[in-house]
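Undergrad: Residues per chain, in single letters:
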Amino acid sequence: GKPAEVPIAAGAGAKPLVKVVLQTDWFAQPEHGGFYQALVKGYYRDAGLDVEIRQGNPTTIPAQVVATGRAEFAIGRSDDVIIAASRGVPLMMIGAFMQRDPQAILFHQESGIKTFKDLDGRNLMAVPGSAFITIMENTFHIKVAVTPTDFGMSRFLADKNFVQQCFLTNEPYYVRKEGANIGVLVLSDSGFSPYRVWYTRRSFAQEHPEVVRAFAAATVRGWSEYISGDRTEANTRIASLNPKMEPGFMDFSVHAMQEYHLVTGDPAAGDAVGRITRERIDTQIRQLSGIGLLDRPVTADEVFDASFLAAPPAPR
Amino acid sequence: MKRQNAWLLPLATGVVLIAAWFGLKRLFRIESYVLPSPAEILAAAWHERATLLTSAFVTGRGALLGFLAAVGVGFALSMVMAFSIRLKQSLYPFILILQMTPVIILAPIFVLWLGQGLPSIVMITFMICFFPVVANTTMGFISVDRNLQELFVMCNATRTQEIRHLRVPGAMPYFLTGMKIAGTLAPIGAITGDFLAGGAQNGVGGIGFMTITYFSQLKIPALFATGLVACLMGFLFVGGVNYLHWRLLHRWHDSMVRKE
Amino acid sequence: MKRQNAWLLPLATGVVLIAAWFGLKRLFRIESYVLPSPAEILAAAWHERATLLTSAFVTGRGALLGFLAAVGVGFALSMVMAFSIRLKQSLYPFILILQMTPVIILAPIFVLWLGQGLPSIVMITFMICFFPVVANTTMGFISVDRNLQELFVMCNATRTQEIRHLRVPGAMPYFLTGMKIAGTLAPIGAITGDFLAGGAQNGVGGIGFMTITYFSQLKIPALFATGLVACLMGFLFVGGVNYLHWRLLHRWHDSMVRKE
Amino acid sequence: MTSRPIVNLEGVGKRFGAGAPVLEGIELTVERGDFVSFIGPSGCGKSTLLRLIAGLTEPTAGRIVVDGMTPADAREEVFLVFQDANLLPWRRVAENVELPLMLRGDPTDRRRERVGEMLNVVGLAEAAEKYPWQLSGGMKMRVSIARALSVAPDILLLDEPFGALDEMTRDRLNEDLLTIRERDPFTAFFVTHSVAEAVFLSTRIVVLSANPGRMHRVIEVPFAQPRTPELRETPGFLSLLAETTRELRLVRR
Amino acid sequence: MTSRPIVNLEGVGKRFGAGAPVLEGIELTVERGDFVSFIGPSGCGKSTLLRLIAGLTEPTAGRIVVDGMTPADAREEVFLVFQDANLLPWRRVAENVELPLMLRGDPTDRRRERVGEMLNVVGLAEAAEKYPWQLSGGMKMRVSIARALSVAPDILLLDEPFGALDEMTRDRLNEDLLTIRERDPFTAFFVTHSVAEAVFLSTRIVVLSANPGRMHRVIEVPFAQPRTPELRETPGFLSLLAETTRELRLVRR
Ligand SMILES: Nc1ncnc2c1ncn2[C@@H]1O[C@H](COP(=O)(O)OP(=O)(O)OP(=O)(O)O)[C@@H](O)[C@H]1O
Ligand SMILES: Nc1ncnc2c1ncn2[C@@H]1O[C@H](COP(=O)(O)OP(=O)(O)OP(=O)(O)O)[C@@H](O)[C@H]1O
Ligand SMILES: [Mg+2]
Ligand SMILES: [Mg+2]
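Residue numbers (the numbering used here), protein chains in the order written: chain A, 3 to 318; chain B, 3 to 262; chain C, 3 to 262; chain D, 44 to 296; chain E, 44 to 296.
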């Protein structure tokens, strides 16, 4: 590639900022909190970056947006990046802002569901085509019938036997408020545990490694602080962007991220904010390939490069 | 105008458009995960043929039933409203409200009442298709020739007779146009129904289900292939309506009769 | 038929329907998170009035622009196709394909090319609205009275003159019907656009955005309030078209002229 | 004998909306079996008068009584041959003739028979299966006449029924009309531009003046019934023809 | 002088689709300035013949030459008064009359003037602002006549233009037609059911027989031009009238 024409130097205050766009996968929400923290606290600016966070919506395909150069970074699940890579979309994961995916399965206690096995033969409202469903079916030798998600909860409330996909950080808040006695099965316990990552297109990583590195450092700092420090400013920004974001709800979301260690993972097992391990990526590739979702074989090196991430902060 | 041109010309335009498609793709280096080439779409359609066929069947059933319901109920509603201006004034605003309320708001209610699957899908298809039929047929009913209306008054025709023998045949050109619009909307409606109220057995649901599946799996050529299937289905409906148009009007209506 | 009935009757029916609504809710013990009562919806609408007003403005703009584009481009396309049967045979199938491809498949492309927000929303609204205009106007153009057509031949009228002075005025009743359908679809189109290509600026999105938001917050009465806003918006469009219908046709067309 | 008049017009006037009056002060008492012709300049209100008697429009002044009822109530006894053929474009010739019989619920057999008979009278038996757009102007009017005759109404209103026909067809239909009248007697209101036709057919001729349409003169036609083609050659006929023509000339504006 | 005939029909025949022939073996040579009337029974093909000359339909046998061209090419010189008024329902009376002038691009002033003039001729100056549905049958036909006259074509085809008019209006329009012809000479093809009208106006009368329409006889009308109303009372006129009527009676099927 050609040499970087963008003047980059982390912390080079005098130089003009480098403009980058981060495409998210949904409207602004606490699940994006670390990025907003880095933004509002000026960590990106300090790193020489002028970051624009662009909100996604239900039909945004962030991978497309990044691959076609309309954004430099995007966020999503690691399995989606692997799948995209197998379809010829040249993406590169840089870091994981969530060690564990917040997706879970939501049910009423009255339904008698205790474990994944109890889902056998049930209807599950989820995003059709989600890899986790097939993998879960294979792992537990069960079969579920998928109903496309309508992003709502009315049907759940009206039917004690209704089972639906949820975000630990989201739906439980609302259905509890309506008095539902619910239970959740966390997906990362199902044997398939993707990361939530930020990624860029491979060529950008090659041509502007400094930008990628600078962005990674600021992002990790933002997330670390968001999850355990003072997040007021970031939350104010998020609330200003998305009218859904009421204080009570945001507190719930953050609390859920903390309770389930979504961002930090299990430090005892070596997890840390931002960290991606080859081992887990390899496992995911194997699992995805096992259910035939990969058009062509993918190697871990194609899809992630841990070298942009500074050494993770020592676990506290 | 020779008969064969009916096939040749769209074919020629099609070739031009597809060439332009390829050209654009090359020129702007549009990647296949954004806009696949026609060849890739066909290849994907072929590769997924088993799935697409099954889902086309599932969705086609919903589309057909919803279409028939829309045409039937729409026509009947228009007829009821043709009976009296009071009935019309009372009903029309509520028909408009039904049409104009986004279906996503009503879908959970349908699913709750009708259950998930076919009945709800048919209902959603119906909701999406029926208004063009009502709007057109109603316009046809009120556009009836005043002189012929006087003839029916002269014959002491009852309102029912007037509607049956004057307004219904007179409104046919309008009705058929509404039906054609409904025909193009029916597959879209059923696909929306798949989204909102469908389900899948063994990973295969309707076309709408497969659309989200391919979407979420970034199988873009296959995604476009579902569009192709939707179009083919729509063409069947439009073809059916065109045939009906010909059957019903070719003997007398200005849109068909070739005066020498 | 007295003038006041135009208001009284729908009002009366409305009261009946709302009573039935309350009754059903009571009878089947339908929870408000499935079907709220009209009172709850109005209360929610009032509570959220600031948000709804802003989002109605955002969506209304998209709906209006998309509607105008659909009417303009739809009419123009039909006119182009009226010029020659060859043109029509070449274009119509592709118009059908555009109409019948589910918009969700094309939406990502629009967003990619036009960017997120107004342009894409207008484009999506246009896609959803334009076909009824084309289908109706085209039918109007081919339904022209053959005798009048002969008059124009006799006058050595050019094709352009024939279209301008014979087909366009003759097709008005059809065109207006297509426009009315497009009018009811425009808010739905813009709301779909909000879903597929919209976003929130400074915390306020369009009606479609608020629909997803309320839906995902289980604020069901507020959800229905967005439906209410959509309906009100649609009524504005339909009212506009009805006024146009009256303006253009009341002097001569059978649908309006009251023969004594 | 003080038989009740079958049609009575008392000071009838008509204006459309806020326009100038079209008809004014029409006074007419018609007995059962009368054959009343209206002649007058184009646009003087003849068609409007027939439409008033048929109850297709309401007078804005005066009163119309038909067989003791309002025109609207009496419509079962009345049929109108419209000035335009007024055929349903989607029905074949025979089906168009059949329409009023079907609407009043006659059994299919009787209908078919009657339709065939009447198509014969107007000379269109061979065109029974054609659609209106395949007919000549005169043929369309003949279909319309056959339609009215098939109804056999008590009161037949004819609005220039023979205007689009050649003199021969016209004369024959004039005679057919009289023949039919002997079998099924009906009271006729007849608009025509042919004075000869009016004199030949009528028991009374009303000459209308224009702007607004007023009754200029009523001419009694004294010839005996039944009338035969030979009547046309008699001096009495010719002199009444001349007189009527003279009256008509007087009303030209 | 061997002037080229303005219209020449050579063995012209016409059938619609696979139906029986409507016209057969029509041979006619018409010089500039001729006034040719067609009379014949209803449905014999008179309107079809005019539509053939106007180039609105093609003959299925023979050849038609109009001013050395095909009828379609000669259309600029021709105008047709249709058997129905054929008015655009969304245009007012004056706008309907103006239509052909507007379509051929006459300047607005000239158009307005001409329209006013012709509406005066047909006696409809006061109805200029009305819509067709507000007119009586005869008024509609007069609008159609005014429209054709305003064009001032070289060849004017008239399909029963006066059928819906009373005798007085009709006679006056007959005379107006002759007056206009003296100012703007045109060749006329005229379909009528009034033999008197045909004899009064024509230089030649073609009597057609029916099923299929064939030329039964061509009667030359020898009266001098310009013709005056007094002609109607002359013995020569009356005897030609009688003769033509006789011929017409012969062709009744
Ligand atoms: N478009 C058509 N298709 C089929 N047949 C037709 C068509 N037009 C006319 N005919 C037939 O051709 C014959 C002649 O019609 P035409 O209108 O020329 O008669 P005409 O002499 O003008 O009669 P009239 O005096 O009643 O107007 C009729 O028998 C009619 O049925
Ligand atoms: N619906 C209407 N609205 C307004 N004016 C009308 C309407 N119908 C008829 N008129 C007017 O009423 C007058 C009489 O019309 P009518 O049709 O009765 O005349 P008519 O005597 O039958 O003439 P014709 O011999 O030409 O048929 C005309 O001046 C006409 O313009
Ligand atoms: Mg009249
Ligand atoms: Mg004719």
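These are calculated hints, taken from the structure and not from any lab test.
Take these hints with a grain of salt, some might be off.
[As the list claims (entries may be wrong)] Here are the computed distance ranges between Cβ atoms for each label pair:
#1 E:Arg289 to B:His252: 57 to 63 Å
#2 B:Arg249 to D:Glu70: 40 to 46 Å
#3 B:His252 to D:Pro272: 28 to 34 Å
#4 E:Ala285 to D:Ala61: 33 to 39 Å
#5 E:Ala285 to B:His252: 54 to 60 Å
#6 E:Glu263 to D:Arg292: 27 to 33 Å
#7 D:Thr222 to E:Arg289: 31 to 37 Å
#8 E:Glu263 to D:Arg275: 25 to 31 Å
[To be verified] Derived, one-sided and incomplete: chain B residues facing chain D with beta-carbon distance under 8 Å:
#9 Gly25
#10 Trp48
#11 Glu50
#12 Thr56
#13 Arg148
#14 Leu150
#15 Met156
#16 Thr162
#17 Gln163
#18 Trp254
#19 Met258
[What the hints assert, rightly or not] Listing some non-contacts, in silico: residues in chain E with all C-beta distances to chain D over 12 Å:
#20 Gly56
#21 Gly111
#22 Met145
#23 Gly148
#24 Lys183
#25 Glu203
#26 Thr222
#27 Arg247
#28 Ala253
#29 Pro278
On a predicted model such as this, the values are computed, not experimentally measured, just so you know.
By construction, the Cβ of each residue, glycine as well, lies at the ideal position given by its N, Cα and C atoms.
Undergrad: If a hint holds in the structure, say so; if it does not, say that too.
TA: Tested hints:
For the hinted restraint 57 to 63 Å between Arg289 (chain E) and His252 (chain B), the CB-CB distance of approximately 45 Å leaves it violated. Roughly 55 Å separates the CB atoms of Arg249 (chain B) and Glu70 (chain D), a value that falls outside the hinted 40 to 46 Å. In this structure the hint that His252 (chain B) and Pro272 (chain D) lie 28 to 34 Å apart at CB is violated, the actual value being about 45 Å. For the pair Ala285 (chain E) and Ala61 (chain D), the supplied restraint of 33 to 39 Å is violated, since their beta-carbon distance comes to about 51 Å.
Separated by about 49 Å at the C-beta atoms, Ala285 (chain E) and His252 (chain B) break the suggested range of 54 to 60 Å. Glu263 (chain E) and Arg292 (chain D) have their C-beta atoms about 31 Å apart, which keeps the hinted 27 to 33 Å range intact. Separation of Thr222 (chain D) from Arg289 (chain E) is about 25 Å and departs from the stated range, judged on CB atoms against 31 to 37 Å. For Glu263 (chain E) paired with Arg275 (chain D), a C-beta distance near 28 Å keeps the hint of 25 to 31 Å intact.
A cut of 8 Å between beta carbons decides the hint on Gly25 (chain B): the least distance to chain D is about 48 Å, and the hint is violated. Interface hint at Trp48 (chain B): violated, since its Cβ lies 47 Å from the closest Cβ of chain D, which is beyond the 8 Å cut-off. Proximity of Glu50 (chain B) to chain D is violated relative to the hint, the smallest CB-CB distance being about 47 Å (cut-off 8 Å). Checking Thr56 (chain B) against chain D by beta carbon gives a least distance of about 43 Å; that is not within 8 Å, so the hint is violated.
With a least beta-carbon distance of about 10 Å to chain D, the hint placing Arg148 (chain B) at the interface is violated under the 8 Å criterion. Among the interface hints, the one on Leu150 (chain B) holds; its C-beta lies about 6 Å from the nearest C-beta in chain D, closer than the 8 Å criterion. Interface restraint check for Met156 (chain B): the shortest CB-CB distance to chain D comes to about 5 Å, inside 8 Å, so the restraint holds. Residue-level restraint check for Thr162 (chain B) is violated (minimum Cβ-Cβ distance to chain D is 10 Å; threshold 8 Å).
The criterion of a C-beta within 8 Å of any C-beta in chain D is met by Gln163 (chain B), whose closest approach is roughly 5 Å, and the hint holds. Because the smallest distance between the Cβ of Trp254 (chain B) and any Cβ of chain D comes to about 5 Å, under 8 Å, the interface hint for this residue holds. Using the Cβ-Cβ criterion of 8 Å, the hint placing Met258 (chain B) at the interface with chain D is not satisfied: the shortest such distance is roughly 11 Å. The claim that Gly56 (chain E) is not at the interface with chain D holds, since no C-beta of that chain comes within 12 Å of its own (minimum 17 Å).
Remark: the non-interface label on Gly111 (chain E) is consistent with the geometry, its nearest Cβ contact in chain D lying 30 Å away (cut-off 12 Å). The claim that Met145 (chain E) is not at the interface with chain D holds, since no C-beta of that chain comes within 12 Å of its own (minimum 26 Å). Every beta carbon of chain D lies more than 12 Å from that of Gly148 (chain E), the smallest distance being close to 32 Å; the non-interface claim holds. At roughly 9 Å, the least C-beta separation between Lys183 (chain E) and chain D is not larger than 12 Å, which violates its mark as non-interface.
Remark: the non-interface label on Glu203 (chain E) conflicts with the geometry, its nearest Cβ contact in chain D lying 7 Å away (cut-off 12 Å). Remark: the non-interface label on Thr222 (chain E) is consistent with the geometry, its nearest Cβ contact in chain D lying 18 Å away (cut-off 12 Å). With a minimum CB-CB distance of about 18 Å to chain D, Arg247 (chain E) clears the 12 Å threshold, and the non-interface call stands. Not every CB of chain D lies more than 12 Å from the CB of Ala253 (chain E), the least distance being 10 Å, so the non-interface label is violated.
Annotated as non-interface, Pro278 (chain E) keeps its C-beta farther than 12 Å from every C-beta of chain D; the closest such distance is 17 Å.
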